[in-house]
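*Asks:* Letter by letter, the chains look like this.
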Amino acid sequence: MGSNMAEAHPVGFQWVMEAKERGARVLHIDPRFTRTSAHADVHVPLRAGTDIAFLGGVINHILTNALDFREYVVAYTNASFLVGEDYRDTEDLDGLFSGYDPETASYDSSTWQYETVEAGPDDHAGASAKERSASYQHGSGGPKVEGGSGRIAADPTLEHPRCVYQVLKRHYARYTPEAVARTCGVSEELFRAVCQTWTANSGRERTAALVYSVGWTQHTTGAQCIRAGAIIQLLLGNIGRPGGGVFALRGHASIQGSTDIPTLFNLLPGYLPMPTPEHGDLAEYVDSVRADQQKGFWRNADAYMISLLKEYWGEHATADNDYCFDYLPRITGDHGTYRTVMDMVDGKVFGYFLLGQNPAVGSAHGRLQRLGMANLDWLVVRDLTMIESASFWKDSPEVETGEIAPERCRTEVFFFPAASHVEKEGTFTQTQRMLQWREKAVEPKGDQRSELWFFYHLGRKLRQRLADSTDERDRPLLDLAWDYAVVGDEPQAQDVLRRINGVDLTTGRAVGGYTELKADGSTMAGCWIYSGVYADEVNQAARRKPGREQNLYATEWGWVWPMNRRVLYNRASADPAGRPWSERKALIWWDAERGEWIGDDVPDFERTKPPDYVPPEGAVGPEALRGDDPFIMQADGKGWLFAPKGLADGPLPTHYEPHESPVPNPLHGQRGNPTRKIYGRADNPSNPPLDHEVFPYVVTTARLTEHHTAGGMSRTVPHLAELQPELFVEVSPALARERGLENLGWAHVVTSRAAVEARVVVTDRMRPLRVDQREVHQIWLPYHWGSVGLVRGDSPNDLFGVVVDPNVFIQETKVATCDVRPGRRPRGPALLDYLAGYRRRAGIAEPTVLTTGPEAGLPHTEEDQP
Amino acid sequence: MGVGRWLASRLASWPVYRQITGRDPLGRGRAAQSPRSAGLTARIADADRVAKSVCPFCAVGCAQRVYVSEDRVLQIEGDPDSPISRGRLCPKGSASTQLVTGPQRARKVLYRAPYGGQWRELDLDTAMDMVADRVLEARAKGWQDVDERGRRVRRTLGLASLGGATLDNEENYLIKKLFTALGALQIENQARI
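Read top to bottom, the protein sequences are chains V and L.
Heads up, the first sequence is in the working numbering, so the first residue is 1 and it goes up one at a time.
Heads up, the second sequence is in the working numbering, so the first residue is 1001 and it goes up one at a time.
Same shape as in the complex, but just chain L (with noise of 0.2 Å):
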């Protein structure tokens, strides 16, 4: 390397000559981004699929994109397209990468056994099964073909399940249907809080 171009690249290394002589007189962009920065892409870059999605929190409803990588979510943000939302997220929206993708998020089922003092793990088929031994146990123990004054209810009062606000339409549908199937009455969530 000669000592002219040694000593132009030192110079364009250095923020206020290429303040001076660049295009960025402010110097707010170009001119005074360090090598690292330069070389820093958005997280959103190595996104091969983008699913639309809508923020899980509250009910106004904002859009999302999700930017997804071999089966990994990478970033979760606004779509400017929503006529709702125009892109914008709140702080809860703008951690809903977090939500997803944190430690926080529990993968196994649990158990704990009657009076016992900790959880352990249990395999999901199997707790489903137990699951489904418990609903039809309840349901026995608390069935009514007729109330205390005689009139047929054909019910059962011994299960009873809270949620539904925060899950989706076609959720609450089967799960009102098989409760409702099963003689179940006392499905509620979050809407009569």
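Excised from the complex, chain V in its bound form (with noise of 0.2 Å):
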């Protein structure tokens, strides 16, 4: 779902053609007819945005036809658990839980907790929590739940009326075949084939896997999307086994490290979150972090933060001095890329770096990027060829209308070229958690560097200007641990993994794996996952051994975080008793003549631990796992069909209209994602939902095979250039009815944020869908062009606003409302002029003043928040 597998990632997509060969069955859930759809045996069109109440649909038959894996489910899940008697569903509050505060548009998740759980203050909801996207900081452990290691109020029947799989039953009893026909525009009878389809492909005997791509995350909903197809997993049994699982294909080569080892504004190496002022100290931040009484190896995450910070400032960070944690700089809320581009337009950033990315194609609302990266002082750009986001000020559609002219741009560029893949070494996270070391093939050319030597030597630069400095905030960059291996003036990547991996400071050895970090400052390592990919001092990411001469796991094929476990949580591949749930389907189970874990991958569980091992009275972390607790990164041990913390939207995922939505909420009286972060200004404006004039269509965008997201590697490339060398647009022969459209003509595409014009393409692969007694038309463009390259054009991303998920906030660019003509698009000043017509049509007022919903009624207000 979410997904077109076979033409956004067809090497991959050979295994799911080879399972098919040998008898299992493809379902493509997907608005558009794609090449996966046709290699599938069911394909189900469906609305663009309404994946949540589809899914949610597939949990209800599930549950009303008591089809769970009930075995898995009350063993492994947090089903028997006890949900405190506060809390309220949307069920009870018309599409809202409870605790939510309209003021901050922000829920306080205290009453989601469970029965015997202190709530305790809470980390990660509410309002503060919801502006520095703490959902985001969850990648490797789950949120803290204190208490989580003692017990549990359960009722191992599932009947208590407020235990999780009641509460679930009752959460979805709404999204019956019928709703789901009425909110997602699929027959009943197509739906109802996907859920046979999906459960007798599930339990002991078999199991079904579940992909998904960004069309799942862009959207307000993005990370409940998530979580629903996840809950359907567990119940089904699908989680921890071979051949099941929630797969994120994800389109850059190193988009998973720089997730795990982030480039991002709230996270530090390891999902361990940025310090925020309310950690006065180590000691607190450890405390916010991970709970005391809790489980799992996360309640280790002091270990791993000591350890960073003995990385970052070596010998200066000791416990004396709280490892320099005082040296963190603190966030305060969102400071994410879409917030700082409005403080670029408001002339509060003043340089930016852009490295490998082209947001002036490929962020969303192309216009604001362009706009923000004018009034800057400076830009650096690093790239392997020109790009719109370093000419934006010669060649962009702004320099066309007027609102940029080169004479008037104060914005001072620098464009570096880049080192490509095979002209520097270093490892690839591949979308598996696979990382792959590559060998240097050549030398670079000319002035082409790596970020590595960039980096390296802008921070010797740095340091040698400061060096006299006693200017209390220069003492972090002048301690830093900056003294990596050099070789000619090239940093050298095995040294810096080697210290990402760790080592034992009391024997300068690699350490080999994050179970041997310690919190007495013995230990340094920059990212605790990744330990162990130097174990016994081998970079254990360049290992090569053919897949042929393997098993299927492979696991002498590069380096899989963490601990080269190739399938997560793959304890739940054996029963309690610790036996395989079937012959078909073993993966790893007990051997209890060896006393350990044996089987085909690396276990995901203390290798020794047997399966009926109980933890004494008041044990915390690791030992506090029961032999049957498979989930070992969660604080109670369990695979969470509820999360009684950790999201911003609630605890369980709900169907909500997308920002920009022809139709009203089909389920419940809430229509849009109450929380979702909308960044109401004037130059952000909102089409007006419900509008069936001005803006009546659906637009969705995507990726073509042979473009690579915002063209900079592709575009300028001869051979792809060619494969693809113009942008078109998708309509139904319908919708080319309706509006005039002829195939290979022009036609424009009209937002209240740009006009962009393309070829027709009249085509069956889009279809109008029957909605809520309305027929809904959807359009869809791939959106890789630009101004610069060999093949230019306007970019799609120019139609869309900047309206985010509370949890990630990744923005909704899979779904906008538009309006769709023939012919080419007004050219220069005159396209301002009818945009602004279009916007006064709409009743789009100026400055725009934007709620949280119509039904709230309320101005938006996290705006002006700090």
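Check each hint, because a few of them may be wrong.
As the list claims (entries may be wrong) - Computed from the model, here is a short list of chain V residues facing chain L with C-beta under 8 Å:
1) Ser-254
2) Gln-256
3) Thr-332
4) His-335
5) Thr-427
6) Thr-429
7) Glu-443
8) Leu-462
9) Gln-550
To be clear, the hints were calculated from the coordinates, so they are not data collected in a lab.
All values reported here derive from a predicted model rather than from experimental measurement.
Quick reminder that beta carbons are idealized off the backbone N, C-alpha and C, glycines included.
Taking the hints as your guide, dock the two standalone chains into a single complex.
*Replies:* Set out below in structure tokens:
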């Protein structure tokens, strides 16, 4: 769902095709008919942005017909735990959960907690947590639950009205096949066929895998989409088992790596949160990150954090000075890329680095991006080729409209040519957490340099300039451990990787894994989840034992975090007693004679902890994990059907309409996600909801096989440019008739932000859907084009405004409303008048005052918060 | 040359004759080969080294073999050893040779002055020095010891960075580490998009 795997990840799709040849059923649920659909047994077209309604229907089908894998669910999930008496569901509050504060459009999650667990201060919900995208900080360990290591009141019969199972059942009761049909535009028959296939292919003997991509994440409900998929997979026993799982197919070679070792504002390496001013010292920080009385390996977050500080500040970091914890800058809210771009427009940001990324084309609301860049003191662009984000001052669409003129644009621009993937060595982390080392093939030419070279030497020059400084603010830079091995003038990636892995400072040896990290300053490690990648002083990511000489899990090819475990939570592949659920689906199991877990994969469990292990009274951390607690990073050791903590928009996924949608919410009174972040300001207008006149259609975007994201690595490459030379828009024959669009003729798509012209492709791949007694037309465009490169065109990302998911601040670029008209768009200043006319007709006042939802009737107040 | 040998050599240059008399009765191999194609060699034949690499486009992580001769990339192909890709590459991955060797690759530092109308070339070391100066200046302009509520924050909001998803882990590590030590927070990448 939300993925066109055959075209966007074609080489990965070979495994789907091979599974199909062996009898697997392939279901494709996605708005558009693509090559993935062509290879699937069933294609289900649905309205963009209604995936949670569909998945909620599947959950309802499972629970109504008692089709869950009961033994798995009772033993391994939190289905039996009792939720507190004060919890109120969307069923009680017409689409809201208890704890909603309309002033800040955020939740206090204390009423979502388990009955016997003290709610305590809520570090991960509420307005301030929402403003710093706190939910993004649970990438490696679950949210803390104080008391998770103790006994949690539960009803193993799953009959108590407040047990998670029954709460789930009530929450999804209204997601009937009829409601799914009315919301998603999917026939009840097709919906039932999906339910039947999914459940029939799950259980003791069979497993089903779920694949998604940015078709799920780029929504105001993105995180909850994935939660909904995970709930189904947990109910059906498809997590931690061979052939099961929830797979994110990501679009950049190391986007997983840049999340794990984050270039992200709210994270430190290994998903340790960036500190806030509330963290007066290291102890307070650690207490807010993990609970004292909790299970699992996240309990040892102090060891991970202190090891990171030791890598950052070396000998300067000591127990006496809190390991330089005070050197870390503090976040106080949203410092994300969209907020930052708006601050550029407002003149609050002076310098900007772009490192292999092209936001003028690739980010939402391209005009805002380019106007932000045009209002900087300086901009540094590092890329393989010239890109739109470097040359915006002379060839952007705003130059055409007169909004940017070179002679009035003050931004000083530096363009540095970058070394390519074959001109440097290092690791990428691919989409299944696998690190693969690349050897350097050739030297870069001319001024081409790696980022490693650039940042190492930039750091060196900055430290030289400040060497004599006595200013306290310069101490973090001057005390920084910046002593990586250098050959010639190139810093050695192997040495950086080894220090990311971690070193035992008493022996000088690389550590073997994160369990060896200490909280006493005797170890250093740059990223605790990557500990083990340099075990035994060997670059494990460089291993290349051919796949054909290994089993399916190929554990000697590359290295997968954590600890080279290929299937996460694979303890769940065995039953509570440690036996495989079935012969067919064996992965790891308990060998009583040897006293250890063995199997085809590396066990994601303490190797010698027996399945019948019961922790002693008062145990915490790893020791508190029972022998049948497979979810070893969770505070309670269980897979979470219901999330008592950690999400900004509710403990259970709920269908909300997209921010811009032509219909009311067929399921609840609350129309949109009540916590979505809107960034209401005059230069970021929204199309009004329920508008059937000015912006009556739904627009969605996606990728082509032959192009890569914003095109810097494909529109500039002759072969690829020739294969896909021109932007096009796909429309259904019915819509083509309604709007007078001709196949291969020109059309332009209009929103309150932009008009984008493209060649028309009239095709049955797009089809109108019947939704809530209305016919809804959807159109689709690939988004790769811009004003530079061998093939050029308008950028579809210009069409979208900035409205984001409250958990992770990813923007809603997979669905918006629009108009589409035949012919090319107006040019020059006439374009601005044209768009102003649309905004006037749609009733979008300037300055735009948006609300958290029309039903709330309250001004959007997030804007002015600190 | 005798007439017999001349005749035999003329006959052998005739594909139909080779097809009838040789070991390629279907005429799909040697029988149909022209002298030109017989003289061709694979692009990778001249390689003196092979570097093991990974495709730089999407996150599937297909393995590549980079064939090199005298510090020049001859060809990039899928690596059949990979348990992920089994030697396959998609159209983008197959265009990797052109991605790294094509004429679009920039080799020189370029500089556009404020209010300027065109690019001009700049020496790399000069450009590095200019950037270092500007980083310190922007950092100072945006510096905050405390936030508006008087809480200690020790940071700068004067500079930002975007990018990392196309870069190596080791590079992301240094980027985050250096910016954090500078007090810069607005460090983001495609994972937010």
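*Asks:* Next item in the hint list is Thr-332/V. Is there a CB on chain L closer than 8 Å to its CB?
*Replies:* Cβ of Thr-332/V sits 5 Å from chain L, so the hint holds.
*Asks:* Measuring from the C-beta of His-335/V to each C-beta in chain L, is the shortest one below 8 Å?
*Replies:* For His-335/V, the interface hint holds, since the closest Cβ of chain L sits about 5 Å away, which is under 8 Å.
*Asks:* Does the nearest C-beta of chain L fall within a distance shorter than 8 Å of the C-beta of Ser-254/V?
*Replies:* holds, 6 Å
*Asks:* Quick check on Gln-256/V please, does its C-beta sit within 8 Å of some C-beta on chain L?
*Replies:* Nearest chain L Cβ about 6 Å off; hint holds.
*Asks:* So, as I understand it, the hint says Thr-429/V touches chain L; can you test that by seeing if any CB pair is closer than 8 Å?
*Replies:* Because about 6 Å separates Thr-429/V from the closest Cβ in chain L, which is inside the 8 Å limit, the hint holds.
*Asks:* Double-check Gln-550/V for me: the hint is only fine if its C-beta lies closer than 8 Å to a C-beta in chain L.
*Replies:* Hint on Gln-550/V: holds, closest Cβ of chain L at ~7 Å, below 8 Å.
*Asks:* Does Thr-427/V hold up as a contact with chain L if the rule is Cβ-Cβ below 8 Å?
*Replies:* holds, 5 Å
*Asks:* Under 8 Å is the threshold here; is the Cβ of Leu-462/V close enough to any Cβ of chain L for the hint to stand?
*Replies:* Hint on Leu-462/V: holds, closest Cβ of chain L at ~6 Å, below 8 Å.
*Asks:* Can the hint on Glu-443/V be confirmed by a CB-to-CB distance to chain L that is less than 8 Å?
*Replies:* holds, 6 Å
Of the numbered hints given earlier, the model fails none.
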